[in-house]
Amino acid sequence: MIINQSNLDNIYVALNAIFNETFQGAASFYNRVAMTVTSKGRGNDYKFMLQFPMLREWIGDRQVRNLAAAHFQIENKDYEATVELDRNDMEDDTIGIYNPVISELGRAAKQHPDLLIATLLANGHTTPCYDGKNFFATDHPGGPEGTQSNYGGGSSTAWYLLDTSRSIRPFIFQQRTLPNLVSLDRPGNSHVFMRRKFRFGVDYRGAAGYGLWQLAYASHDTLNDTNYEAARRAMQTLKNDEGVPLGIMPSLLVVPPCLESNAKELLNGDYLGVTGEGTKTNIWKGTAEVLVVPWLT
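If you read the sequence shown in this note's numbering, its first letter stands for residue 1, the second for the next number, and so on.
Be aware that one or more of the hints could be misleading.
[As the list claims (entries may be wrong)] Computed list of lysine to aspartate or glutamate pairs in EDC-like fashion (alpha-carbon distance at most 16 Å, straight line): (1) Lys110 with Glu21; (2) Lys110 with Asp203; (3) Lys40 with Glu75; (4) Lys285 with Asp225; (5) Lys264 with Glu289; (6) Lys47 with Asp139; (7) Lys285 with Asp270; (8) Lys285 with Asp203; (9) Lys77 with Glu104; (10) Lys285 with Glu265; (11) Lys110 with Glu75; (12) Lys77 with Glu229; (13) Lys239 with Asp139; (14) Lys280 with Asp270; (15) Lys197 with Asp86; (16) Lys47 with Glu75; (17) Lys285 with Glu260; (18) Lys239 with Glu145; (19) Lys197 with Glu84; (20) Lys264 with Asp225; (21) Lys40 with Asp78; (22) Lys280 with Asp225; (23) Lys280 with Glu265.
Bear in mind the hints are in silico, worked out from the structure with no lab data behind them.
Make a model of the complete structure from these sequences and hints.
In structure tokens form, the structure reads like this:
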């Protein structure tokens, strides 16, 4: 094949089609646990999360929370991945050998928000959220007692229980731009001239951050029916400052691969082991869905 701009443009069109097809078809989970928010600048301010909307009997004046001085910002970041294609492969019409690589770029771009969310889960015990406390903590301010907890402690492999039924989610995926396949494929480019390489890559701008801690619970205790029950109770009994339950209903159990069998037995099985009086009916079957995240350990 003759290396000219027309042929290079045709190659880009073909590779871009492969990228987009894989991007659209690749599985991802971030939209199940995070609310996607469009960003139009360097970042967004989420001070609205400092209040948990609930209705009350209207007696006297409305009660209005002043958020003017409150700030919780998430700044956008740049992400990229780049590969090189050899000029000789183009001249020899063997460009097809790179199709799987470009396809993997599409998959990686689609699942990159998953990786960001998994990192937030894993780091939630040491990273603050909007109230200044670690996202998973035993001393979040609020409630009639002054503090509330969304962390069960323990020393085993971590697992997480989430309420994903609301418009506001436990996590935020902030999207400034969509992933886009770009190319450095001009025949006269210095990199092509010096190294005989054409470059193709994907990039986008965005970020991930913590949403409402009330909608997530973490535990390092053994994943069994007793600790699962304790986690559900802890979430369901969270209250606002007036002592009114927030109405949290856990719906998703997130686990690493090593806990997949435990989670599925707990939420899909008809029975839980054997008691002294015989088989124990699994009362927790169907109370939540299981999500296995390969980036968690």
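* Asked: What are the numbers of the hints that this structure violates, sorted from low to high?
  -> The structure conflicts with hints 6, 8, 9, 11, 12, although it agrees with all the remaining ones.
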